[in-house]
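Chemist: Make the complex out of the two chains shown on their own, each in a separate frame, by following the hints.
Protein sequences appear in the order of chains A and B. Residue numbering for the first sequence follows my numbering, starting at 1 and increasing by one per position. Residue numbering for the second sequence follows my numbering, starting at 1 and increasing by one per position.
Simulated from the structure, these hints should not be mistaken for laboratory data. Some hints could be false.
DMTMM-like, lysine to aspartate or glutamate: derived pairs with alpha carbons at most 20 Å apart [said to hold, decoys possible]:
| # | chain 1 | residue 1 | chain 2 | residue 2 |
| --- | --- | --- | --- | --- |
| 1 | A | K108 | B | E105 |
| 2 | B | K96 | A | D37 |
| 3 | A | K79 | B | E105 |
| 4 | B | K90 | A | E47 |
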Amino acid sequence: MLKTRRRPLQEINSSSMADIAFLLLVFFLVTTTISMDKGISLILPAEGNELEVNKKNIVEILVNQSGKVLMGNSPVLIKNIQSKAQKLMDSNPKLIFSVQTTNETKYKSYIKVLDQLKLAGASKISIANPPGN
Amino acid sequence: MQIERKNKANNEISTSSMPDIIFMLLIFFMVTTVMREFDGLNVLIPSAKMIEKLESKRNTVYIWASKDGVISVNDRLIRPKNLAGVMYDKIVSNPKITVSLKSDEYASMELISEIHTQLRQANALKLSYSAKTEE
Numbered sequence: 001m002l003k004t005r006r007r008p009l010q011e012i013n014s015s016s017m018a019d020i021a022f023l024l025l026v027f028f029l030v031t032t033t034i035s036m037d038k039g040i041s042l043i044l045p046a047e048g049n050e051l052e053v054n055k056k057n058i059v060e061i062l063v064n065q066s067g068k069v070l071m072g073n074s075p076v077l078i079k080n081i082q083s084k085a086q087k088l089m090d091s092n093p094k095l096i097f098s099v100q101t102t103n104e105t106k107y108k109s110y111i112k113v114l115d116q117l118k119l120a121g122a123s124k125i126s127i128a129n130p131p132g133n
Numbered sequence: 001m002q003i004e005r006k007n008k009a010n011n012e013i014s015t016s017s018m019p020d021i022i023f024m025l026l027i028f029f030m031v032t033t034v035m036r037e038f039d040g041l042n043v044l045i046p047s048a049k050m051i052e053k054l055e056s057k058r059n060t061v062y063i064w065a066s067k068d069g070v071i072s073v074n075d076r077l078i079r080p081k082n083l084a085g086v087m088y089d090k091i092v093s094n095p096k097i098t099v100s101l102k103s104d105e106y107a108s109m110e111l112i113s114e115i116h117t118q119l120r121q122a123n124a125l126k127l128s129y130s131a132k133t134e135e
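Same shape as in the complex, but just chain B (with noise of 0.2 Å):
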């Protein structure tokens, strides 16, 4: 006489909440995204080993320099001399303010030191120059 087995309980799992878990995903992601906003100039930046990160994306203003004394503000050329005004506009708006110098590994010192003087005229003085890790 053969034994009748007993139905197995189906083994399957549930996939009905895929579509929650997707979603909590994605919320995720649209809350912790900050979009990136300038391209910048095509700089080179210098590595080093003793870096720090910045705080926040909101509070950072990004000055690019490239080697050939081209200096850029959030996207706009502008003239090295001219970065005091368009920088004291900035700190008036966000008094917590950081810059991060992404300038090439070949500008001069001469322009690194223009923008220093520029900066201080602004009162823009949390600075961070930007570099990667080094291997």
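Bound conformation, chain A alone (with noise of 0.2 Å):
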């Protein structure tokens, strides 16, 4: 009768696991980009959907090209718009802020002016066109 030979039991060498799952990890650990997108958000108003409102609950705020700041007919200061709004809106809540620029402001200063409006906490902005657009 044959005897048949027992063999040897058969492993993978699993010593090097360790170093494959590093490897793995420290891939996923560089390409993780942990999510930055942060921005200042607003709601666009819906097309067609221009309301009339009453003058005295508007302040105008207009933004020119050198990155001046007009509001209400006086000048002001971008980081005093903050504590002018908030004045503004403590005598009247229903107040609307329109941010009016020209064709050749720079964006720049745009955000400046929603970011300090924003910190007012105001949160009805408006966004008019420049003129002739």
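Modeler: Here it is in structure tokens:
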């Protein structure tokens, strides 16, 4: 009778498993970009939704190409918009801020003005198209 | 007479569960990773104080606007007046879309205003002006 030789148990060497896992881990650590998408949110009005608003509930904020701001007919520094907007809102909670720029206004100054209004807690912000558009 | 010391217990930390720990970390990173999809244009985004986080990358469409007036939507260069058409298709396929506008600090408002108009035409009303934190 033939004797069946007992084979030694065959195992895959798993000692390098940790190394492989480490390598994959490092790859994912390097490629992961933690969500950096931050910004100033705004909801645009739907088209053809123009409302008539009482003149006294609107404050016009004009921004020119050199970044100078005119708020309700008086010049104001960008960093002072927040306090001024807050004062105006205290006296009239229904106030709407209408931001109007020129075609040549830099996006940077527009964002700064918008940021100040958001800091003041203004929720009713209207963006007017530059004249000529 | 010397007192025989008791054999100390083996003091080494067992490393046999190391691969398991690493695998767990690995799976965590694999699940949370969202690969950067788009390269975009070379823009210098403005800084602001009152910034909010965007909800999810999956519901976001990126629009890059450079100071030369070039617009790119998810890495496709388009003309500003064709933006509404492109955005309309995206809104139809996913109505929860938020637009993240990555515009250069020195872009003119003429371009931004055109983007506003086009987005309103496409009914893509949720807009976020991408900005970095001000120091």
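Chemist: If a hint holds in the structure, say so; if it does not, say that too.
Modeler: Do the hints match the structure? See the list:
| no. | hint | result |
| --- | --- | --- |
| 1 | K108/A <-> E105/B | holds, 5 Å |
| 2 | K96/B <-> D37/A | holds, 17 Å |
| 3 | K79/A <-> E105/B | holds, 18 Å |
| 4 | K90/B <-> E47/A | holds, 18 Å |
The structure shown violates none of the earlier numbered hints.
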